[in-house]
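Q: Can you make the complete structure from the sequences, with help from the hints?
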Amino acid sequence: MNKKEQISKLIDEALASVESLSRAEAKPFLLTRIQARMTKETESVWEKAGWFITRPAVAFSGLCMIILINLAVIVFKGTTDTAGSTEQVAQSSTDEFSYTVATIYDTENTQP
Amino acid sequence: MNQPELIVQLQQGDESAFKKLVDEWQDMVYNTALSIVQDEDDADDITQDVFIQVYQSVSSFKGESKFSTWLYRITVNRALDHEKKKKTKKRFAFVQSIFRNNDEEQVQPAEFNHPGVQLEKKESAAELFNALKRIPDKQRIAFTLHKLEGQSYQEVAEIMNTSLYAVESLIARSKTNLKKILSGYYEKNISEQ
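Chain order of the listed sequences is U and S. Quick note: the first sequence uses the numbering used here, first residue 32, plus one each step. Quick note: the second sequence uses the numbering used here, first residue 1143, plus one each step.
Quick caveat, the hints were computed from the structure, so don't treat them as lab data. Do not take every clue at face value.
Unchecked claim - Taking lysine-lysine pairs in the DSS-like style, the calculated list, with each CA pair at most 30 Å apart, reads:
no. : chain 1 : residue 1 : chain 2 : residue 2
1   : U       : Lys40     : S       : Lys1280
2   : U       : Lys34     : S       : Lys1263
3   : U       : Lys79     : S       : Lys1232
As the list claims (entries may be wrong) - In silico negatives: residues of chain U with every beta carbon more than 12 Å from chain S:
no. : residue
4   : Ser53
5   : Trp82
6   : Ile84
7   : Arg86
8   : Pro87
9   : Ser92
10  : Met96
11  : Leu99
12  : Ile100
13  : Ala103
14  : Val104
15  : Ile105
16  : Val106
17  : Phe107
18  : Gly109
Every residue gets a Cβ at the ideal spot worked out from N, C-alpha and C, and that includes glycine.
A: This is the structure:
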């Protein structure tokens, strides 16, 4: 057999070597390992969140944000209260002096 | 329990249905992944990834294709992603080794022996698997699905989301390329002997 024929034979053998291949079997306890990984992934999300929140920079920024929001609420609430009381005074004086516009319909329509 | 029922139960989050699914399909997923990545530990990781993905995304399975086609598609994509990541890591490690300038030896991957190959064909199969690593991804996937997983051309076309003609062409080209690579290898080996 010459070299060319020998190579050709080897190539054919290599290509045919997988023809009667049987399926490789997965390693045992695959389901257990999948479940463990799924649980670990769920845990790790919370772990990551916890680790992120407890970082000094994040914790300090968060604290500052809370203080700022509180201050903002106090300041704006004060402003809103002043506007509200002005409106209340205007309303009470309206009630007292009856500023409402009387029309002809009001005199005719005596029923509420 | 038939397949559509199993899928409905899976979509409802039934854990016993998931167990049945893993029992039924684990070898198919593992064998496909192993044939692509040629590493038992990596194939095991990919198999786990595939089933986790199936569990999380089974609600998106509309039943337009066969369940096995969908599963093959996920497995092939996962295996290819895994290979890409591994190649990137290798490149990064190579760059690091240049800058570190140490004398540590690079670990070469061992010759891959598929556990399903008959003993007398192990050597030829190892050469074929080695050659498979050197052909383009699409050709390799088409060849693997057809020859190693025993899928018909039509099924391979569905898995790869391509035409029957394209699959025929891919497999023909893969054989030509494999023959070229193997020829080079054997020529070198015979002349060395």
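Q: All hints are to be evaluated individually against the structure, with a verdict given for each.
A: Hint check results:
1. Only pairs whose Cα atoms come within 30 Å are accepted, and U/Lys40 paired with S/Lys1280 is accepted, the gap being roughly 27 Å.
2. For the suggested pair U/Lys34 and S/Lys1263, the alpha carbons sit about 21 Å apart, so the restraint of at most 30 Å is met.
3. Of the supplied pair hints, the one linking U/Lys79 and S/Lys1232 holds, its CA atoms being roughly 28 Å apart against a limit of 30 Å.
4. A beta-carbon of chain S comes within 12 Å of the beta-carbon of U/Ser53; the shortest separation is about 4 Å.
5. The Cβ of U/Trp82 lies farther than 12 Å from every Cβ of chain S, with a closest approach of about 23 Å, so its non-interface assignment holds.
6. U/Ile84, annotated as away from the interface, keeps every beta carbon of chain S farther than 12 Å; the closest lies near 26 Å.
7. Distance to chain S confirms U/Arg86 as a non-interface residue, since its nearest Cβ pair spans about 27 Å, more than 12 Å.
8. For U/Pro87, the condition that its CB be more than 12 Å from all CB atoms of chain S holds, with the nearest at approximately 31 Å.
9. At roughly 33 Å from the closest C-beta of chain S, the C-beta of U/Ser92 stays outside 12 Å, upholding its exclusion from the interface.
10. Distance check for U/Met96 against chain S: the nearest CB is about 34 Å away, which clears 12 Å, and the non-interface claim stands.
11. With a least beta-carbon separation of about 39 Å from chain S, U/Leu99 lies farther than 12 Å from that chain, consistent with its non-interface assignment.
12. No Cβ of chain S comes within 12 Å of the Cβ of U/Ile100; the nearest lies about 36 Å off, and the non-interface call holds.
13. U/Ala103, annotated as away from the interface, keeps every beta carbon of chain S farther than 12 Å; the closest lies near 41 Å.
14. With a least CB separation of 41 Å from chain S, U/Val104 remains clear of the 12 Å interface cut-off, as annotated.
15. With a closest Cβ-Cβ approach of about 46 Å to chain S, U/Ile105 is found to remain outside the 12 Å limit, as its non-interface label requires.
16. Here U/Val106 stays apart from chain S, with its beta-carbon at least about 47 Å from theirs, past the 12 Å limit.
17. With a least beta-carbon separation of about 44 Å from chain S, U/Phe107 lies farther than 12 Å from that chain, consistent with its non-interface assignment.
18. Every beta carbon of chain S lies more than 12 Å from that of U/Gly109, the smallest distance being close to 50 Å; the non-interface claim holds.
Consistency note: the structure conflicts with earlier hint 4 alone.
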